[in-house]
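2 protein chains.
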Amino acid sequence: MNINSERLWNRIHKLSEIGKDENGGVTRLSFTETERKAKDLVVTFMKDAGLAVREDEIGNLIGRKEGAIFNSQVVMTGSHIDSVISGGNFDGPAGVLSAIEALQTMNEKGIVTESPLEVIVFTDEEGARFSTGMLGSLSAAGKLSKEELYSAKDKNGVTIAEAMKQAGLDPELAPNAKRNPEEIKAYVELHIEQGKVLENADASVGIVTGIVGVDWYRVTLKGEAGHAGTTPMGLRKDPLAAAARIISYGEEMARNEKSAVVTVGQIEVKPGGINIIPGEVAFSFDIRDINKENMNDIFEKLKAYIETTCEERGIELEIEQLHSLDPSPCSERIMKKMEESFTETEVQSIKLISGAGHDAMVMASITDMGMIFIRSKDGISHNPKEWSDQKDLAMGAEVLFTTLVKLAS
Amino acid sequence: MNINSERLWNRIHKLSEIGKDENGGVTRLSFTETERKAKDLVVTFMKDAGLAVREDEIGNLIGRKEGAIFNSQVVMTGSHIDSVISGGNFDGPAGVLSAIEALQTMNEKGIVTESPLEVIVFTDEEGARFSTGMLGSLSAAGKLSKEELYSAKDKNGVTIAEAMKQAGLDPELAPNAKRNPEEIKAYVELHIEQGKVLENADASVGIVTGIVGVDWYRVTLKGEAGHAGTTPMGLRKDPLAAAARIISYGEEMARNEKSAVVTVGQIEVKPGGINIIPGEVAFSFDIRDINKENMNDIFEKLKAYIETTCEERGIELEIEQLHSLDPSPCSERIMKKMEESFTETEVQSIKLISGAGHDAMVMASITDMGMIFIRSKDGISHNPKEWSDQKDLAMGAEVLFTTLVKLAS
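Chains A and B, in that order, are what the protein sequence lines are.
The first sequence maps to residues 45 to 453 in the working numbering.
The second sequence maps to residues 45 to 453 in the working numbering.
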């Protein structure tokens with residue numbers, strides 16, 4: 045193994061001390077003093093690694109190792125160090141610290157690549173403070189509007205712009221964080237899986253084939269509220285009974301899918317009395333797949349079923365799309381380099397898709413993108429119990445190291 | 045027609061003025077000044093009807109017409125005049141004012157019955173203030189514990205006992221409101237249907253065959269919360285997906301029943317994120333029927349299905365019974381008198397069950413009980429839109445008048 049597993053593991057633990065709460069989790073929200081301390085610590089790691097450090101206009105931290113060929117496209121790698129409230133110690137830091145470890149290993153081994161390499165720590169991936177994530181990668185991709193900095197607020201009413209100023213950043217200059225896509229050769233991110241696919245396959249590390257698209261819908265069914273005792277079954281227009289059939293249909297359909305998932309995470313009934321037939325029910329559908337056509341196909345089938353069910357039952361229907369994000373396939377070229385790296389490091393290669401969004405998804409809009417997943421214990425994340433083993437992290441970092449060397453050569 | 049339809053209709057409207065709100069509904073909570081005003085108005089009606097008026101220790105208002113035979117058992121009739129918050133003008137008052145009208149008609153026509161007759165206005169049937177209804181009838185039946193007067197509180201923290209004192213009643217004396225069952229011959233109540241059975245049968249008035257029993261259950265299913273994107277369908281333990289099947293099963297089963305109804309009026313999921321597979325879901329079941337064995341049978345089938353579904357899906361299960369009330373069949377003797385009255389008044393006789401609880405249900409525990417339902421427009425109640433036509437109310441009062449004369453003779 046080329047990389048230094050102990051050093052990487054120690055850095056994970058040092059970073060975990062910043063924003064630590066009593067239950068062992070961390071809370072590092074964007075543009076706070078806690079985040080500043082975490083960034084300062086990461087700067088010391090970057091400097092130890094021999095990288096040239098700068099911070100861009102949105103607060104992304106960048107550590108650069110120059111390449112041999114002047115003006116060559118840069119190979120970028122990174123993740124984030126902000127967290128959700130009471131989050132874990134690996135979601136984000138695993139990618140950032142593996143990236144630093146990979147570049148430090150190159151420097152220590154005197155590996156000079158043709159292309160320069162950059163470790164990037166993206167600002168506010170989680171969106172835990174302003175309910176609007178991926179601030180750093182969206183800025184780098186030139187996809188964050190300045191208006192959003194002035195409109196999105198945290199729970200105390202502080203806008204992103206105000207928070208940036210408090211952190212010493214000028215929101216007016218934020219657009220300057222945009223990177224020229226022509227100057228970027230590739231973006232590679234290591235991340236914890238946040239699921240159980242690797243665990244169930246008994247694999248330490250996996251190659252991500254793509255990040256799923258996400259469509260969110262809100263279905264509202266309006267029936268007729270009534271007294272639970274005085275309305276015979278045959279005279280009811282019960283929207284919850286209709287919703288139950290629809291939810292079952294959605295689950296059954298998704299169970300027959302290869303990679304698509306369908307989730308109902310929210311449901312509310314009105315008026316909500318134990319002895320009152322509901323008059324209205326609203327619930328959500330979260331549809332994800334790596335294939336956009338299939339997502340549309342699932343939604344159309346679901347919609348047809350909802351319409352038939354509601355028509356049969358005399359129920360009014362409204363379906364609203366709340367959010368839509370296309371799938372981001374990973375670069376074939378990068379996956380191939382990763383497979384070679386797996387072969388060279390004698391690690392079994394497992395392929396899987398990412399069901400969660402990452403900065404890599406945003407970067408895929410401006411450059412070739414690849415992702416490496418490491419095993420998550422019990423699939424838990426966004427929780428103090430989030431855990432990945434030292435060995436798995438080291439194997440991931442080793443594959444990252446080898447892949448980056450190949451990509452930069 | 046014997047009774048005076050105009051007078052009855054005018055009294056409905058006069059009573060509707062007390063506690064009236066801007067949307068045409070009424071709010072008359074127990075032991076309030078509004079309720080006092082409504083009682084005072086009803087007292088004037090009782091006195092107009094030639095009744096001897098008293099108020100008992102729980103606040104029940106009683107108007108009595110003496111019978112010809114000394115110490116004969118009393119025939120009671122009545123309902124309530126308290127309302128839910130923003131309730132309608134017929135739920136309760138229809139029964140009270142029809143009862144007064146029936147006795148006034150007897151007095152005007154010089155009808156002397158063997159048994160005395162009493163109109164009773166029961167205190168706090170709805171339970172809208174203290175979440176514990178039927179205070180008056182429970183007291184009359186000797187089934188209200190004094191402890192409850194000191195424990196149940198309204199939303200301002202005022203106990204029933206405190207509210208009684210404010211209304212000039214002594215909670216310590218409340219047990220004295222108990223009636224001796226041996227002194228009561230029958231209890232008959234006219235009430236709005238609060239459903240659509242009469243409307244669908246195009247009938248003005250119906251004979252109630254019994255009041256359904258009510259069993260309330262709370263089902264809690266614990267699965268495994270997870271990320272909607274990173275947990276493949278096959279690795280999920282989604283309690284909402286299980287709940288959807290269970291709710292559908294319950295509805296389907298009830299649709300094949302003759303008179304039983306099964307309702308899910310409440311459902312809550314945790315944690316409730318649009319992109320999170322629920323970890324826990326809790327929902328209610330309201331099971332009603334006129335036949336207790338059938339209610340138990342429905343519950344057992346439901347329970348078996350819940351258990352199988354949860355076992356198949358690796359979901360933990362808890363079922364809690366929140367409330368149980370046995371069905372109250374109406375007296376055959378009283379129903380027969382009502383049928384005769386229908387024939388005499390040339391009104392078509394429709395039989396139906398009461399899916400809602402009434403003071404009559406409590407009175408059934410101490411005496412023979414009968415109920416007359418009048419048609420509710422669109423089945424609406426507990427709402428300002430609650431409505432019954434003058435003609436339907438008059439026909440109901442006429443049947444009540446005839447039935448009471450028969451019962452008291």
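These are calculated hints, taken from the structure and not from any lab test.
From a predicted model like this one, the values you see are computed outputs, not experimental measurements.
Check before you lean on any hint, since a few could be wrong.
Note: identical chains are not told apart, hence a pair may lie in one copy or across any two.
Cut-off 16 angstroms, straight-line C-alpha distance, at most; resulting in silico cross-link-like pairs (EDC-like, lysine to aspartate or glutamate) [unchecked claim]:
#, residue 1, residue 2
1, K240, E268
2, K314, D100
3, K81, D370
4, K421, E301
5, K222, E301
6, K240, D422
Within, between, both or neither: K81, D370 at alpha-carbon 16 angstroms: neither (35 angstroms within a copy, 65 angstroms between copies)
Indicate which option fits the pair K421, E301 if close means a Cα-Cα distance not exceeding 16 angstroms: within, between, both or neither. Neither. Shortest intra-copy (25 angstroms) and inter-copy (49 angstroms) distances fail the 16 angstroms Cα cut-off.
Go through the copies and call it for K240 and D422: within, between, both or neither, with a Cα cutoff of 16 angstroms. Classified as within: same-chain Cα gap 6 angstroms, cross-chain 53 angstroms, threshold 16 angstroms.
Taking 16 angstroms as the upper bound on the Cα-Cα distance, should K314 and D100 be classified as within, between, both, or neither? Classified as neither: same-chain Cα gap 48 angstroms, cross-chain 39 angstroms, threshold 16 angstroms.
When no copy is specified for K240 and E268, does a C-alpha distance of 16 angstroms or less occur within a copy, between copies, both, or neither? between (42 angstroms within a copy, 13 angstroms between copies)
Is the C-alpha distance from K222 to E301 at most 16 angstroms within one copy, between copies, in both cases, or in neither? Close neither inside one copy (39 angstroms) nor across copies (66 angstroms); limit 16 angstroms.
Going down the numbered hints, you'll see the structure goes against 2, 3, 4 and 5, while the others check out.
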